[in-house]
Amino acid sequence: MAEPVSSIRNLGPAVEAMFARVGITSAEQLGEIGADAAYKMVLENGARPHFIGYYTLVMGLQGRPWNDCQGAEKEALRTKFDAIKAN
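FYI, in this note's numbering the residues of the sequence shown are 187 to 273.
Calculated from the structure, these hints are not laboratory results.
Where a beta carbon is used, it is the ideal one built from N, C-alpha and C, also for glycine.
One or more hints might be untrue.
[Unchecked claim] Under the rule of at most 25 Å between Cα atoms (straight-line distance), these lysine to any residue pairs were calculated in the SDA-like manner: (1) LYS226 - ILE270; (2) LYS266 - ALA188; (3) LYS226 - CYS255; (4) LYS226 - ASN253; (5) LYS226 - HIS236; (6) LYS226 - PHE237; (7) LYS266 - MET187; (8) LYS271 - PRO235; (9) LYS226 - VAL201; (10) LYS271 - ALA223; (11) LYS260 - GLU230; (12) LYS260 - GLY209; (13) LYS226 - SER193.
[Said to hold, decoys possible] Computed spacing ranges between beta-carbons, pair by pair: (14) ASP222 - ARG195: 16 to 22 Å; (15) ARG207 - LYS260: 25 to 31 Å; (16) MET187 - GLU259: 32 to 38 Å; (17) HIS236 - GLU259: 16 to 22 Å; (18) THR211 - ALA258: 32 to 38 Å; (19) GLN256 - HIS236: 15 to 21 Å; (20) ILE238 - GLU214: 22 to 28 Å; (21) MET187 - LYS271: 17 to 23 Å; (22) LYS266 - SER192: 22 to 28 Å; (23) ALA188 - LYS271: 26 to 32 Å; (24) ALA188 - GLY257: 33 to 39 Å; (25) ASP268 - ASN231: 18 to 24 Å; (26) GLN215 - ASP254: 21 to 27 Å; (27) GLY257 - MET187: 34 to 40 Å.
Construct the entire structure; sequences and hints are all you get.
Right under this line is the structure:
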């Protein structure tokens with residue numbers, strides 16, 4: 187049985203609903219699509235870009251707490267986020 191998106195660390199019902207609007211309805215599906223492609227999908231669907239939301243997703247898919255993202259890793263994710271947002 188598929189696990190809900192909200193079963194991923196750091197992700198709750200609001201994020202689950204956001205992904206459901208673009209057809210991502212399970213944690214497994216989100217993991218297969220990956221953070222970057224999934225986040226791009228929700229932006230293309232009209233969601234407002236939010237850097238903390240993006241890196242929280244990345245950390246969650248890695249099984250890490252959202253506040254584990256710091257320093258050079260956070261800067262690299264900011265660069266990726268800006269590129270996703272620009273496209």
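Results of checking the hints against the structure:
no.	hint	verdict
1	LYS226 - ILE270	holds (6 Å)
2	LYS266 - ALA188	violated (29 Å)
3	LYS226 - CYS255	holds (20 Å)
4	LYS226 - ASN253	holds (22 Å)
5	LYS226 - HIS236	holds (12 Å)
6	LYS226 - PHE237	holds (12 Å)
7	LYS266 - MET187	violated (32 Å)
8	LYS271 - PRO235	holds (7 Å)
9	LYS226 - VAL201	holds (14 Å)
10	LYS271 - ALA223	holds (11 Å)
11	LYS260 - GLU230	holds (23 Å)
12	LYS260 - GLY209	violated (28 Å)
13	LYS226 - SER193	holds (21 Å)
14	ASP222 - ARG195: 16 to 22 Å	holds (18 Å)
15	ARG207 - LYS260: 25 to 31 Å	holds (27 Å)
16	MET187 - GLU259: 32 to 38 Å	holds (33 Å)
17	HIS236 - GLU259: 16 to 22 Å	holds (18 Å)
18	THR211 - ALA258: 32 to 38 Å	holds (34 Å)
19	GLN256 - HIS236: 15 to 21 Å	holds (18 Å)
20	ILE238 - GLU214: 22 to 28 Å	holds (24 Å)
21	MET187 - LYS271: 17 to 23 Å	violated (34 Å)
22	LYS266 - SER192: 22 to 28 Å	holds (24 Å)
23	ALA188 - LYS271: 26 to 32 Å	holds (29 Å)
24	ALA188 - GLY257: 33 to 39 Å	holds (35 Å)
25	ASP268 - ASN231: 18 to 24 Å	holds (19 Å)
26	GLN215 - ASP254: 21 to 27 Å	holds (24 Å)
27	GLY257 - MET187: 34 to 40 Å	holds (38 Å)
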